[in-house]
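**Student:** Model the full structure from these sequences, guided by the hints.
Just so you know, the protein sequences line up as chains A and B, in that order.
Just so we're aligned: 351 in my numbering is position 351 of the first sequence, and the numbers increase by one with no gaps anywhere.
Just so we're aligned: 191 in my numbering is position 191 of the second sequence, and the numbers increase by one with no gaps anywhere.
Read the hints as simulated data drawn from the structure, not as lab findings.
It is possible that some hints are incorrect.
Taking lysine-lysine and the DSBU-like style, the derived pairs with C-alpha atoms no more than 30 angstroms apart in a straight line are [as the list claims (entries may be wrong)]:
no.: 1; chain 1: A; residue 1: K304; chain 2: B; residue 2: K127
no.: 2; chain 1: A; residue 1: K128; chain 2: A; residue 2: K97
no.: 3; chain 1: A; residue 1: K305; chain 2: B; residue 2: K127
no.: 4; chain 1: B; residue 1: K127; chain 2: A; residue 2: K223
no.: 5; chain 1: A; residue 1: K66; chain 2: A; residue 2: K38
no.: 6; chain 1: B; residue 1: K127; chain 2: A; residue 2: K276
no.: 7; chain 1: B; residue 1: K173; chain 2: A; residue 2: K311
no.: 8; chain 1: B; residue 1: K127; chain 2: A; residue 2: K309
no.: 9; chain 1: A; residue 1: K201; chain 2: A; residue 2: K223
no.: 10; chain 1: B; residue 1: K114; chain 2: A; residue 2: K98
no.: 11; chain 1: B; residue 1: K114; chain 2: A; residue 2: K309
no.: 12; chain 1: A; residue 1: K311; chain 2: B; residue 2: K186
no.: 13; chain 1: A; residue 1: K98; chain 2: A; residue 2: K250
no.: 14; chain 1: B; residue 1: K186; chain 2: B; residue 2: K173
no.: 15; chain 1: A; residue 1: K97; chain 2: B; residue 2: K114
no.: 16; chain 1: A; residue 1: K225; chain 2: B; residue 2: K127
no.: 17; chain 1: A; residue 1: K250; chain 2: B; residue 2: K127
no.: 18; chain 1: A; residue 1: K331; chain 2: A; residue 2: K305
no.: 19; chain 1: A; residue 1: K383; chain 2: B; residue 2: K127
The lines below spell out each chain.
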Amino acid sequence: MKSTLASCMAALALAASAAMTSGSARAADPGITDTTIKIGMMGSLTGPAALWGWPTINGARMIYDKINDEGGINGRKIELVIEDDQCQAPLALAAAKKLISRDEVFMLHGGSCTGAVLPVRDVALKEKIPMMVLVATGDEIVAQPNGYIYRAFLPGSYDGKIIADFLATAPNVKKVIAVGNTDAIANVRYPVLEASLKDNKLEYLGLEPIEVEATDATAQVLKVKSQNPDAIVLVARPEASAVFLKDAAKLGLDVPVVGATVVDLQDLLDRIGDPKPMANMHVVSFYKSPLDGAPMAPWIDLLKKYYPKDKVQAAAFYGTSGAIAVVEALKRVGPDLTREKFVKAMSEIKGLDGGPMACTLNFAADDHEGCKTGSVWGMRDGKVTAIGESWK
Amino acid sequence: MMEIATLLSVGVSNGCLYGLVGLGLVLVYNAQGIPNFAHGELFMATAFAAYVANVILGIPYALSFLIAIAFAAVLGMLVEFLAIRPISTNRALGRASTDVAVVLSTVGLMITIKGLARIPWGDSVRKLPGAFSTETVTIGSLVISTQRLLIIVVAAVLTVCISLFFARTSLGKKMRATSQNITGAKLIGINTGHIYSATWGLAAVCGGIAGVLAAPIIFLHPDMGTRMLLKGFAAACLGGFGSVSGVFVGGILMGIVEIFFGRYLATSMMDIFAPIIIIVVLLFRPQGLFGARRAVRV
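**Tutor:** The following block contains the structure:
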């Protein structure tokens with residue numbers, strides 16, 4: 001009888017202890033209930049960088065929507081709270097603080113522009129909030145020391161190396177000039193580009209700046225022409241890139257142009273409306289193939305299923321691989337979810353298919369850049385075509 | 001030599017756009033003393049009106065142009081009637097408060113019109129085709145955009161028309177009378193409310209024409225007017241707020257100096273050129289290059 005009573009007491013104590021442990025874990029890690037995991041998303045939903053707002057957010061949401069339709073993760077459905085940061089640091093900081101403090105999200109998945117995300121990085125690291133970067137490419141966002149912030153697409157500096165390696169394979173290219181914006185998105189690329197060009201024994205003629213909202217590039221085109229480069233690296237946002245390419249064609253600047261991941265070839269073609277200025281144009285891309293290629297078909301179908309009104313464009317899938325990695329880590333943690341367990345699971349992801357991305361995702365405790373491979377696309381017969389399978 | 005000619009053609013056409021935008025600002029400022037911060041949005045809205053007519057509805061370019069200009073005139077008059085007049089005629093506010101409130105109203109309009117434009121257009125960029133199927137013409141080895149040639153011709157014709165309008169027409173003379181002395185204008189029976197509406201309509205037409213002409217070159221998006229507003233202010237400051245032809249010359253000077261500055265000194269400085277001009281002119285010649293100092297009896 002005594003031993004039975006003792007066993008019962010022990011079982012009760014164990015159950016109470018387990019309940020208390022479970023309760024304290026939930027209190028310590030907000031955003032988790034028995035049925036939901038709350039994730040805070042933020043991006044440039046309005047403003048000049050809105051191209052990287054809803055399209056990228058919906059590209060991530062479709063993964064969460066799909067997992068919810070399949071019953072969720074370990075019985076929990078993903079609940080999203082979405083905020084607009086307009087790619088402005090103060091707004092991004094306010095959005096992140098609201099999501100963390102008022103909405104009490106479990107983690108953040110967001111950030112469209114490097115300059116806006118950098119202050120959020122400090123908050124996420126201080127508060128120990130896991131964060132998946134949505135589409136901001138600046139290296140310093142994910143740089144170590146960093147225990148909580150991850151990225152699942154090609155970081156900004158890497159396309160500088162890919163561009164240099166690609167140009168090194170082009171015949172008769174010895175002198176290269178850069179034309180680009182001078183904002184945080186572009187600036188992160190120039191040092192690696194310059195170093196990689198030098199590593200490939202290519203002469204770097206320097207940078208010719210063009211404003212983000214440039215409406216005319218005559219001065220830039222004539223300056224570039226006067227330096228007689230063999231190739232141009234274009235590190236400008238879509239509007240400025242389109243203006244530069246149009247003016248270059250008009251003024252007879254006819255050399256190969258390689259664009260960074262900030263532009264998409266099809267999007268440029270749509271903007272310019274004429275394939276002629278782009279005949280000699282290539283861009284580094286995140287993706288496995290152009291949008292009309294077979295590898296992109298399932299992702300386009302998924303987007304059409306959940307967001308049928310969204311335009312099928314390159315920007316639509318920038319955030320997809322991040323959501324794929326988040327879902328994978330949440331699955332690996334199991335039902336006893338905590339932030340610390342989540343970041344541990346994230347850091348253990350190896351060889352995960354990056355979805356539409358040209359890379360497989362590999363994270364480590366001391367390396368949160370999960371994707372280090374991109375692809376290069378060019379115009380062939382007026383059509384966007386992948387040049388080689390992937391570039392590192 | 002060809003490079004100089006190319007730079008001149010682009011500088012002059014850009015300058016004509018700045019001049020057209022600046023002219024709209026000057027008209028409203030001279031009539032009511034209001035710096036219209038929503039003028040860039042009238043530029044943007046008219047360009048989108050042309051886009052709807054030409055691209056979406058498939059109306060021929062010339063007719064789309066006219067529809068857009070009519071839209072600009074109506075929009076300008078509506079803005080005056082709905083957002084400016086109720087504030088400027090509100091006697092409950094003191095004179096200084098009214099002036100501030102009206103300026104703030106134009107700032108509010110700027111944000112509102114831009115926000116409204118985002119509802120149907122989002123933030124993606126659209127392209128309005130040019131007036132001509134041939135994009136460029138070649139003279140010797142000089143390549144000139146046909147759209148830029150059109151901008152120069154239209155701006156020159158418009159300058160002459162507006163000068164004649166103020167000098168020869170009854171409405172133009174009434175506008176001048178109202179801007180010079182509103183009490184006197186009222187005493188001789190001019191309906192100043194109508195004059196203000198007409199002035200805002202004409203100002204919006206100037207900005208709107210610039211918008212439709214610029215759209216094929218600079219792409220359409222809800223933020224396209226903000227940058228042009230600054231350039232228009234700079235052109236008006238440089239030319240002088242009191243002179244129609246002065247604003248055009250100011251705009252052209254600005255366009256030329258800006259592009260030569262970018263080509264031979266630093267392209268990175270091109271965009272700060274407009275605010276520098278505004279500051280320098282206000283410091284050293286506040287009446288602008290072609291304006292006269294206004295004497296005020298105290």
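**Student:** All the hints need checking, so say for each whether the structure fits it.
**Tutor:** Hint-by-hint comparison with the structure:
no.: 1; hint: K304(A) / K127(B); verdict: holds, 25 angstroms
no.: 2; hint: K128(A) / K97(A); verdict: holds, 13 angstroms
no.: 3; hint: K305(A) / K127(B); verdict: holds, 29 angstroms
no.: 4; hint: K127(B) / K223(A); verdict: holds, 27 angstroms
no.: 5; hint: K66(A) / K38(A); verdict: holds, 16 angstroms
no.: 6; hint: K127(B) / K276(A); verdict: holds, 16 angstroms
no.: 7; hint: K173(B) / K311(A); verdict: violated, 52 angstroms
no.: 8; hint: K127(B) / K309(A); verdict: holds, 21 angstroms
no.: 9; hint: K201(A) / K223(A); verdict: holds, 23 angstroms
no.: 10; hint: K114(B) / K98(A); verdict: holds, 26 angstroms
no.: 11; hint: K114(B) / K309(A); verdict: holds, 22 angstroms
no.: 12; hint: K311(A) / K186(B); verdict: violated, 56 angstroms
no.: 13; hint: K98(A) / K250(A); verdict: violated, 49 angstroms
no.: 14; hint: K186(B) / K173(B); verdict: holds, 14 angstroms
no.: 15; hint: K97(A) / K114(B); verdict: holds, 28 angstroms
no.: 16; hint: K225(A) / K127(B); verdict: holds, 27 angstroms
no.: 17; hint: K250(A) / K127(B); verdict: holds, 17 angstroms
no.: 18; hint: K331(A) / K305(A); verdict: holds, 23 angstroms
no.: 19; hint: K383(A) / K127(B); verdict: holds, 20 angstroms
Consistency note: the structure conflicts with the earlier hints numbered 7, 12, 13.
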